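*Asks:* If you want the building blocks of each chain, they are given just below.
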Amino acid sequence: MGFPGPIRKFLERRYDTEVAEGFLDKQIHKRLPPHTGWLHVFGSLAMLLFISQTLTGIMLLIYYRPTPDEAYKSIQFITGSVHFGWLYRQVHAWGASLMILALVFHMIRTFFMGSYKKPRELTWVTGVLLFLVTITFGFTGYLLPWNQIAFWATTVGTESANKVPVIGAWLQYFLRGGDSVTGETLSRFFVVHVIILPWILAGLIGVHLFLMRACNLATMEDVDAEKKIPSEHGIPFFPVHVAKEGVVAVFLVAVLVTLSVVAPWEIGEPANALSTPAHIKPEWYFLPSYQLLKYFEGEYGAVIGIFACGVPFALLVFWPFLDRGKARHPKKRPIAVGLGLIGLLGALFLGYLGHVSETEQTYFGQRYHIDLLGWPNKIVEGEDAPSEAPH
Amino acid sequence: MNQTKKTTRRGFLDWLIAAFSAVAGLAMTIPGLMYLWPAAKGGAAEAVEISGAGQMKPGQSVTLQVGGKPVIVVRGRTGFLAFSASCTHLGCLVTWETQKKHFACPCHAAVFDANGGVVSGPPPAPLPPYVIKEIGEKVYVSAPA
Ligand code: HEM
Ligand code: FES
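Going down the list, the protein sequences come from chains A and B.
Every letter in the first sequence is one number past the one before it in my numbering, and letter 222, counting from 1, is 222.
Heads up: take any position in the second sequence, counting from 1, add 391, and you land on my numbering.
Source of the hints: derived by calculation from the structure; they are not laboratory data.
Bear in mind the structure is a predicted one, so any value in this text is a computation, not a measurement.
Fair warning: there could be bad hints in the mix.
[What the hints assert, rightly or not] Straight-line C-alpha distance at most 16 Å; calculated EDC-like pairs for lysine to aspartate or glutamate:
#, chain 1, residue 1, chain 2, residue 2
1, B, K460, A, E184
2, B, K448, B, E488
3, B, K524, B, E437
4, B, K460, A, D224
5, A, K326, A, D224
6, B, K460, B, E440
[Stated by the list, open to error] Just a few of them, taken from the derived set where beta-carbon distance is under 7 Å, the chain A residues facing chain B:
#, residue
7, Q148
8, S180
9, G183
[Stated by the list, open to error] Stretch by stretch, here's where chain A covers chain B in the computed footprint (C-beta under 8 Å, at least three residues):
#, segment
10, 422–431
11, 482–489
12, 498–504
Yeah, the Cβ is synthetic: ideal placement off N, Cα and C, and Gly gets one too.
From just these sequences and the hints, can you work out the full model?
*Replies:* Listed below in C-alpha cells is the structure:
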C-alpha cells in the first residue's frame with residue numbers, strides 16, 4: 001500500500017510517512033480468525049447504512065424545512081418535484097429500518113458467539129450505545145415530515161416519558177420544548193437528528209472500531225485461552241473479508257432501491273393538532289416496548305411499566321459484566337443462550353401483539369378481534385364487533 | 392512524613408488550574424443548560440373566544456387551542472362545558488359522541504362521562520375541566536386559575 005509517486009515524494013519530504021503507512025498496512029492486511037465469514041458482515045452492513053443515511057440525509061436537508069408550516073410541504077416538494085427526490089427520501093426512510101435490523105442481527109451474532117466476553121466487554125458496551133443512538137435517530141427522524149401519524153406517535157411517545165418517576169414531567173416538558181408537541185418540538189428533534197446524533201454516532205463508531213481492532217475479532221476459544229493468530233493462518237481482512245463486504249454493499253443498494261420502488265413510505269395527512277387519527281402505532285422497533293407498557297396501568301403500574309421497558313436495555317449494557325463464564329461456544333453456555341433466546345422470542349412476540357392489537361385477524365379460518373392487550377376475541381357472524389356494541 | 396504534607400509550588404499550581412477549570416466549566420455549563428430549558432411563551436391566563444358558539448346546538452362540540460393546549464367544548468342543554476381534550480392516558484384527543492353523551496378516545500378506546508370522569512379504559516385520571524365565561528353573546532374558555 002502506498003501513495004502514487006509524486007504525492008508520496010511530496011509527503012515524504014515533510015512528514016514521517018512510514019508510521020502512517022505502517023499503520024494503514026497493518027490494518028488492511030490484518031488477519032482475522034479462521035471462522036470469520038458471512039455472519040461477520042452485519043457490523044459492516046450497519047456502517048454502510050450509516051454512510052448511506054448520512055449522504056441521503058444531507059441531500060434531504062437541502063430542500064427540507066424544519067417548521068410546522070413548511071415541513072410537510074417541503075417533503076411533498078422533495079418527493080414530487082425535485083429530480084430523484086423520491087428516491088433519496090425512500091432510501092433514507094427504508095435505510096433507517098434496515099440499519100436497525102442490521103444492528104439487531106449484529107448483536108445476535110456477537111451475543112450467541114460469546115464475542116462480548118473478556119477482553120471485549122467495552123466493545124459490546126459501545127455497541128449497545130450505538131444501538132440506542134440509532135433508535136433515537138429513528139424516533140427523532142420520524143417526526144420530521146410533520147404528518148398526522150408522526151405528530152401523534154410523538155405525542156404518545158413523549159407522553160410516556162411523563163411516567164418516569166420523579167423527573168417525568170420535567171423530562172416531557174424538556175423533550176417537547178413546552179407542554180405539547182409544537183414547532184418547538186420539531187426544532188429540537190431536528191437539531192438532535194441532523195447534528196447531535198450524527199456526531200455522537202460517528203464518534204462511537206470510531207471507538208467501537210478501534211476497540212474491535214485492538215483485540216481483533218474473537219475466536220471460539222474460551223476466555224484467556226485465545227491463541228494469537230499467526231500471520232500465515234487466518235483470513236486476510238483485505239482482500240477476502242473486504243470482498244464479502246463489497247458483495248453486501250451491492251446487495252444493499254439493490255435492496256434499498258427495490259424497496260423504495262416496490263413499497264414506498266407514504267407521507268399521509270399533514271399534522272393536525274386538533275384531531276387524533278385512529279390506530280396510531282409506533283415504528284416496528286418500538287412495538288415491543290409499546291405493547292409491554294400497555295400491561296402496566298394506573299399511577300404506580302405505569303412506573304413499573306417504564307422500569308419493565310428499561311430493564312432489558314440495562315441488562316444488555318451490563319451483560320458482559322454479569323455473564324463472566326469462560327466458555328464462548330454456544331453449546332457450552334446453555335443458560336446465556338437460553339436467556340438470549342427467551343429475550344429475543346419475547347421481544348418478537350410482544351412486537352407481534354403490538355402489531356395486531358386493535359385489528360381483526362384470521363387464525364385457522366376464524367375471524368378474531370384482537371383487543372388492546374393482544375387478546376383474541378372470536379367474531380361471531382352476524383354480530384357486531386365488540387367496539388360497535390349497541391347502546 | 393513532613394514531606395508528604397508540604398504543598399509544593401508545582402502541586403499548588405496543579406490545584407489552582409483544576410479549581411479554575413472547574414469554576415469556568417460550571418460557569419459555562421449552567422447558562423447552557425438554562426438555555427435549553429423551554430422558555431415560557433406567555434398566555435397562560437389566556438381566554439379564547441369560541442367562534443360560532445351562538446350557532447352551536449345542544450350536543451354539539453368543538454375542539455380548539457387554549458394557551459397552546461387542546462380543549463374540547465360541548466354545548467349542553469343549559470350551557471357550555473369545557474375540558475382538556477388530551478386523554479389523561481397518553482395524550483390522544485378525545486371526541487364528544489353526541490348520541491352516547493360521552494367522550495371517547497380513539498387510541499385505546501377509553502370513555503369519559505359528560506363530567507370528564509373515567510367510565511372505562513386505561514386513563515388514570517378524569518379530564519381536567521376548563522372555565523367557561525359567557526359575556527353577553529360571547530363565550531370564552533380559559534384554563535382554571
Ligand atoms: C446522519 C445523518 C442524518 C441526517 C443529516 C438526516 C436527515 C434527515 C432529514 C432532513 C429528514 C427529513 C426528511 C424525511 O422525513 O424524509 C430525515 C428523516 C428521517 N430520518 Fe434521518 N438523517 C440522518 C441519519 C438517520 C439515521 C441514522 C436514521 C435511523 C437509523 C434516520 C432515520 C430517519 C427517519 C425514520 C426519518 C423519517 C423518514 C420519512 O418519514 O420520510 N436518519 N432525516
Ligand atoms: S390515549 Fe386515550 S385511551 Fe390511551
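*Asks:* Which numbered hints are broken by the structure, listed smallest first?
*Replies:* Hints 4, 7, 9 are the ones this structure does not satisfy, whereas the remaining hints hold.
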